[in-house]
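Number of protein chains: 4
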Amino acid sequence: MSFNTFGLMFRVTTFGESHGPAIGCVIDGCPPGLEISPQEIKEELERRATGRSRHTSQRREQDDVQIVSGWFDGRATGTPIALLIENTDARSRDYEQIKRQFRPGHADYTYWKKYGIRDYRGGGRSSARETTMRVAAGALARKWLRLEFGVEIQGWLAQLGPLRTDEVMDWDSIEGNPFFCPHPGMVPKLEEFMDALRKSGDSVGARVNVIARNVPAGLGAPVYGKLDADLASAMMSINAAKGVEIGAGFASVSQQGTEHRDEMTKEGFLTNHAGGILGGISSGQDVVVSTAFKPTSSLRLPCRGLDIDGEEVEIVTKGRHDPCVGIRATPIVEAMMALVLMDHVLRHRAQSG
Amino acid sequence: MSFNTFGLMFRVTTFGESHGPAIGCVIDGCPPGLEISPQEIKEELERRATGRSRHTSQRREQDDVQIVSGWFDGRATGTPIALLIENTDARSRDYEQIKRQFRPGHADYTYWKKYGIRDYRGGGRSSARETTMRVAAGALARKWLRLEFGVEIQGWLAQLGPLRTDEVMDWDSIEGNPFFCPHPGMVPKLEEFMDALRKSGDSVGARVNVIARNVPAGLGAPVYGKLDADLASAMMSINAAKGVEIGAGFASVSQQGTEHRDEMTKEGFLTNHAGGILGGISSGQDVVVSTAFKPTSSLRLPCRGLDIDGEEVEIVTKGRHDPCVGIRATPIVEAMMALVLMDHVLRHRAQSG
Amino acid sequence: MSFNTFGLMFRVTTFGESHGPAIGCVIDGCPPGLEISPQEIKEELERRATGRSRHTSQRREQDDVQIVSGWFDGRATGTPIALLIENTDARSRDYEQIKRQFRPGHADYTYWKKYGIRDYRGGGRSSARETTMRVAAGALARKWLRLEFGVEIQGWLAQLGPLRTDEVMDWDSIEGNPFFCPHPGMVPKLEEFMDALRKSGDSVGARVNVIARNVPAGLGAPVYGKLDADLASAMMSINAAKGVEIGAGFASVSQQGTEHRDEMTKEGFLTNHAGGILGGISSGQDVVVSTAFKPTSSLRLPCRGLDIDGEEVEIVTKGRHDPCVGIRATPIVEAMMALVLMDHVLRHRAQSG
Amino acid sequence: MSFNTFGLMFRVTTFGESHGPAIGCVIDGCPPGLEISPQEIKEELERRATGRSRHTSQRREQDDVQIVSGWFDGRATGTPIALLIENTDARSRDYEQIKRQFRPGHADYTYWKKYGIRDYRGGGRSSARETTMRVAAGALARKWLRLEFGVEIQGWLAQLGPLRTDEVMDWDSIEGNPFFCPHPGMVPKLEEFMDALRKSGDSVGARVNVIARNVPAGLGAPVYGKLDADLASAMMSINAAKGVEIGAGFASVSQQGTEHRDEMTKEGFLTNHAGGILGGISSGQDVVVSTAFKPTSSLRLPCRGLDIDGEEVEIVTKGRHDPCVGIRATPIVEAMMALVLMDHVLRHRAQSG
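From first to last, the protein sequence lines stand for chains C, S, A and L.
Heads up, the first sequence is in numbering that gives the first Met the number 0, so the first residue is 0 and it goes up one at a time.
Heads up, the second sequence is in numbering that gives the first Met the number 0, so the first residue is 0 and it goes up one at a time.
Heads up, the third sequence is in numbering that gives the first Met the number 0, so the first residue is 0 and it goes up one at a time.
Heads up, the fourth sequence is in numbering that gives the first Met the number 0, so the first residue is 0 and it goes up one at a time.
Covered stretches of chain A (chain L as the covering partner; in silico rule of three or more C-beta atoms under 8 Å from a C-beta of chain L):
1. 2-15
2. 204-210
3. 241-249
Calculated from the structure, these hints are not laboratory results.
Beta carbons: idealized from backbone N, C-alpha and C, even for Gly.
Input sequences plus hints: build the corresponding full structure.
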């Protein structure tokens, strides 16, 4: 779908700016009967929360979510579910400078070119704050998928700047460190790296992987509704995403067919270079996606830019910014996986024989 | 949008199987007045044609396109434009074997899991033959974008198996070789590599890049209708695609913010790591996308697979297959770029202030 | 949905002009496995065929439908089904006059205002010829609904100009006369009326009713996806439609609540003023819809109009035109009922608990 | 579009139940720059407010609307605009009876059949309270259409039970009486009629007309995106609507073509039986629509019904209910007209030549 609505049968429409009174979403198409509580949603939100460690932005939001509609006696009723979270830590400060400047690498310039007007406070609509509602909506999808099919979704940090962490050493360790790093031995290195980075004033990119287990075969659709196409769109729609891979991804470029094709025996597939998707349709294997996030552009280190009069200015960004937005991306990537799978399960139910 | 329809305002619905009587598409939303001829469409089709060189499948289709509707006195009328191409070289042969087997790495298995029935002849709907109509529809979008904004779209082979060809040495050479290789000195090496590969019976992946110049700023939309999200979906919907990058893509993971952010002066942006898109909206810079294609799975080299009874069988694929589908992907990638930009231009016109 | 596509889950996209080489449609979302033959589709088409009697247009089309795709071994495969019918009786004649004139009551003027270009031959896209594909697509929906739920859909002529025929005296007689009149005693009067009308050169409106039996309860959705809202849209999208009623329709304006509300007992509803829909959702009662069709505007009796230069001209329409388009509307109304119900069954399957 | 979202380019998604904490909507696609204030929205809401007179429900809501997002410095920014209104007069009372009963003529039964769960308090999602957000969203569309094209939309009560009021005697009087009656001499009769009706405990239907002036020619689209089809859907989606007419509507059934067709001279159209729409596209004439509303089913007069165990019960509905919902329908009908026109203006801008 498009614009501020995601999904066709499980539709999530998000709204809200970083420094507005609240952010929220409307979930239309949730199967009736699903039991859900604000607390369950909040638990997911806390995983992405800013201020989780010294390595992320220090903005601290309560993220108390209110279920405004579509919910009765603790269960979804089938009517639209609106979720609302107040913005409580949107600091009021002087925005005079940012108001007139376009930060390089940021959406300031393009929003202004598109709309001719922008809510410049804290990035407005283009702020990472928006991803909060993806995680909130994803919590419902995730729970339903788990109850209905036993789908389990787990993301992890696969690379932080130059440090590769993609080999999963210990699944259980992922939730135990602020990086969602699956390799306990790497955590001190990541901390050291981040401390030095923060000191330098610079930022760095990251890669986040996600796996979905127990995905039923048959999800997806030819030709433009392919499961992998929708996953690519979903991941690329996250702030700062610059690349998406399914299964072997770019590594498949230098693979040979005899290596890439996943052979089948009665015991199942022998490998999973496909990432669980063939011809745009899930095969029953684990669905595996990798997403690249660029380094934050909002830095206190000065750079050359323009103001709204077209004059050249030196840009220095103050405020609270993550030196690596990818650190907090894991729950968001998981949420997008859940939303895509949920939507495709409902679509598949509609059009089965 | 979804399923077999692509786009929201410039909607392309494709239909047809590899070995059915014809393939076709319906283009709904083409601005009235556009001059177009079957010959112009055919010229684009010839660029992707099978049988273009010895390195691609030897299926030879005339690809004579008929404009069935929405076209009067040589111009689009604003009503739906149906295009139709007969399948003339769909060899009738014995499909008894393939009928009962699932080729690893192919959509055979997943179509069967999804639908419980499949047109197994030549891959049916999942055949690369479907991409013909993407190129046909793309021809209209491309022409309109060029006339209206001077948009120029050019793709090229960036990597063939282990051979990197991404550095563009000579733009004019791209159309002069069967690989769309922008590096004339590499062409003999590519030929040598492909000859050896074909002899071996194996296949290999490829990476194809595409650039769009003169794209107006302001295309795209937050949050789920981002231009890069739609490009990712478009490219990933092409057969065999496994990864998509915008601008610096996965390289941005190890970049620092001071390197990645594209500074601006009065002369314009100093670099283009963003690939022409910021916050999901075009900046006016060149839009740059890279797509990974996996190696073909249809090989004459045997492998282990299952049949429809769940029995293990040795699979050997006969027939005419490209040892590297990526070689012919360049016009398809260009077409998808054109379709996405076209759709977003129309969307932007709708919602401007 | 919109434009030339109808439906969300069972999507029908039609294309083609009255005097182009062919008309056709693409059906996306048909459940795989449905057995269907071109002959079955043709049988439905013959019910709406022009030239069925002396009371309708004398254009005679073979309406041999070709199933181009999505169909294998006599069954739907789940991929898009394209249907194609050649225009064989589109008489080539001099269109110089109509080319420059806007026929009052016709879409000539508005197409020209919208698109600035029009295929004036035989009404182009706005010709009733387009409804052929609605009936063709409806044939599939109708068959599936009958097999799956036993849904039976029957339309009838309820009024022809001043002659009311809405009371169904004999269901079996409907198919036995060229008017779809359910009141055998009225048929001679209708014939007499039509003969006089044709002689006079004038035209007249009609009202067509349709009933769907065995519709499962639960179809439809709040708030903008109501079953009655979609039926209203479907019927109003038919050429010449000017009004739609569900159940008691406009008669409910002067009803009192005690009369209108349909009481329930263990044996079921006692009345059906609701027309089978409550709160936008089917109740399990018969779904009943009535549609008003205006009189044809294409008359040989002259009237005042404008040409494309804005000059006043006397307009006389030659050619073969129905003096009452409503006579042939019954199969079209049935088809739209089938398409709406089909779409809603699939939507309901997606979003059940 | 569908479900709880209305429109394609100007999309309104509403949420909220009658007795939940709040109702709201998200407007996606509003052109940036539109000046709007909560007070302007509230003024429209007051026109539909319950408790406007003794003839409507006595529920009294403040309807203070909060603009949560997409709004900066008093203007729309192009990002989604969320509106929120708290439910302040949702009386907490004993719902034990209604909880177990299906009120005839009401959505109780169908929601339960569809979802298996329902928020029975005050009708939940099927309450007329939902229409508040249509009026709120309509206020933005209305203002933009007026500023951009001078479009003026006016509705009026055309019939109240047996009393016809469709002849407009005095446009200025419409806003001056609680019925939106355009015929000052009829107002005392309406009051008398309503007083007697209220006393009797029964209810009655109504017909509401609406006219839109200065609608530009060219809005609408063939074949399923016709302006009249979308208007029919929009009106039929309002609670209690049972019929929709465009222009002459059902009267066109007994008209002859020479009467119905609207002749044109240099001075313009001589009549407007078409209701401003030809071939699904606006002609530049006034767009005229008439909608039938059924009598309220919620009565204190007992009737026969079922409970959730399938047992027969006598149903008596207490609480505050309008004896004629049509009385308050005028602003809602106007809002739907505005939403449809707005959406089609944006769609037309996208696809012009």
